[in-house]
Amino acid sequence: MFLIGLIHLSFFIGKYPISLNEYVQFLKYYFLNETTLTEDKIEVLNNIFFNVRFPRIITAVLIGASLGVAGSTFQAIFVNPLVSPGILGVLAGSSFGAALGLVLSLPWFGVQILTFVFGFCAVLLSITFLFISKRPKSTIILILGGIISSALFTSFLAILKYSSDPYDVLPTIVFWLMGTLSYSDKNTLALVFVPMVFGIVILSFSSKYLNALSLGDEEAKSLGVNVKYIKIYSIFFATLISSLTVVLAGVIGWIGLIIPHITRLLFGADNKIVVPLSAIIGGIFLLSSDMLSRSLFEYEIPIGILTSIVGIFMFIFVFIKAKQTIC
Amino acid sequence: MKKLSWILVATVVLAIQINARTITDMANRTVTIDEKISKVATVGSIPVINSFIFAVGKGDTIVSGLNFAKKSTWKYQQIFQPSLINNVEIQGVAREILIEPMINLAPQIVFTMDFATVELLEKNNIPVVFLKWKNAEDIREVISLMGEIYNEKDVALNYIEYFKNSMDKIEKNLTVEVKPKVLFANLGTLDTPHLIAEWWIDKAGGISVTNNGRTNEKFTFSHEQVIAWNPDILIVETPKDLKIAYEDSRFSTINAVKNRQVFVAPVAAHKWSNRTSELPLMVLWAANIFHKNIQNAFPIEKEMKYFYDTFYKYKINESEIKEILGNNHE
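Sequences listed follow chains B and V, in order.
Everything in the first sequence is counted per the numbering used here, starting at 5 for the first residue and increasing by one.
Everything in the second sequence is counted per the numbering used here, starting at 333 for the first residue and increasing by one.
Okay, chain B solo, but in the shape it has when bound (with noise of 0.2 Å):
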């Protein structure tokens, strides 16, 4: 209900001011087909609500929702809360993709198909070092993994964008990997939409396996989870769905850290509930976020410098109220 009311505020922010007549007058021409406003004023409230904010909400609560569950899922496969999408690699991996994509000049749908292959070959890369260490429980290692693992395709795109023309391709990748809602349009959600939905829903639908998962491989064998298969297919949607923010948005990190803390914090550790909460306060979170980025000053903030700076305050809280609990 809280994010449905946000959404339907977030439908007055912005440039263009709108009253609330406006609104009102709007919402009786398009239910009703009558009204006091003239028709150049329809078009333009049209393309405004249609096009620009409707799109730019969705997004915001998709992008917001995706990295939420994809953080609790990865938390929650490797035991371990100081996993999130950014700190595995598949952010660096898939802004590595997507700058290539750009680099060749690929069409928006091979951009999109860059982006998740090296999302997810970062991902492989963090794991792999689990096993080559010969302690696939460890903490550490797959920390350090992923701290490897986000240097490297960090590097590559540092490379890419050394060599990339500065007058034109540069720009437009520096601008994207900052992490913006400006660029969000319907036809890009569009191609994107159902295959985060789906992630969305079918890691929310697993979780209840998640819980079996935290007891330890073996106990959860001993319970009837397929091990192997749970892991799979979780580490291929989360990635999935994470990457395709990526497209979407360029980098925005932290959510995908510090949601599952404060949904765990707010209504406990059963990943049946954290997964599908974290979806709605993930929604939430970078929808107000993205509220604040086009209203607090007259230049719009990237999203992805806001969600940092608020992201650290609240993971600082976070760790304190935690930290309170244990002792």
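I should point out that these hints are in silico values taken from the structure, not numbers from a laboratory.
Some hints here could point you the wrong way.
To be verified - Within a straight-line C-alpha distance of at most 25 Å, the following computed SDA-like cross-link-like pairs (lysine to any residue) qualify:
id, chain 1, residue 1, chain 2, residue 2
1, V, Lys647, V, Leu657
2, B, Lys19, V, Tyr578
3, V, Lys590, B, Phe30
In this text the structure is predicted, and so the values were computed from the model without any measurement.
Fit chain V to the known structure of chain B by using the hints.
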């Protein structure tokens, strides 16, 4: 013998003194340069600096390369000075100075607009001249300095006179009370890339929607902001932007798109909309678009012929004019 040696040294020093002179650059540095300049290098904002060297008719003195000149955007750099394409590269793709090729090239002067480059080259005893070009007023100082360095003060004065006369002509002919609202934009990155746009839009008789007294070079905005501004005329940087303007439904309600008033700023030695010696042409071109009576009084094609012939010492032909102006409308 000792006396003879001293006389020899004094003669050499005197000869050097006779063939050297000092100038003051735009950072107030005193730079000793050769009497006759025939070998210069340009680094940093190469197309901008080259455009000023072209404007005093000395493009043939440039011995440094232009690593991105092979791109079609910059083809007129090569047309105005064909040797550029074979010249030695002295800066990398990230605009870093390649110091060893630079020392090997041994230019009489290196021109730059970046003070860190000045310091780097000074450390390596390479004569360097700093140019500043932020406001429209700086153009007079840049071209005067070029005239002084190349001993072409008359050409520089002629350019300054032409610039002033062009602006006066436009001002006198701007009789229309209602000025159009204009947005100069890169629609790919959603920003107005250069502060100088505020100046040329005003001089050409338009009202820039991004002119809020800003001092930052770049001004970013959102789709919604463009809809709220509702500009009458949209000047964009590239043909790609033109496509975006007409195909992205978010721009469909703005006057400029509805009335098919979206134009691509011309590019020759440099993007006319940027900082370039071709700025008088940009103002004339924009005034042509903003006010139809100007179009009849000062046809841009005629002005281009005069400008490139007089200052660049290049006889531009009809097909080149058509090409430079060709991408500027749908």
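Agreement of lysine 19/B and tyrosine 578/V with the hint, judged by alpha carbon distance not exceeding 25 Å: Given that 25 Å is the threshold and the Cα spacing comes to 22 Å, the pair holds.
Pairwise hint evaluation, phenylalanine 30/B against lysine 590/V, where the allowed Cα distance is 25 Å at most: holds, 22 Å
Straight-line alpha-carbon gap lysine 647/V to leucine 657/V, limit 25 Å: holds, 16 Å
Comparing the model with each earlier hint shows no violations; every hint is respected.
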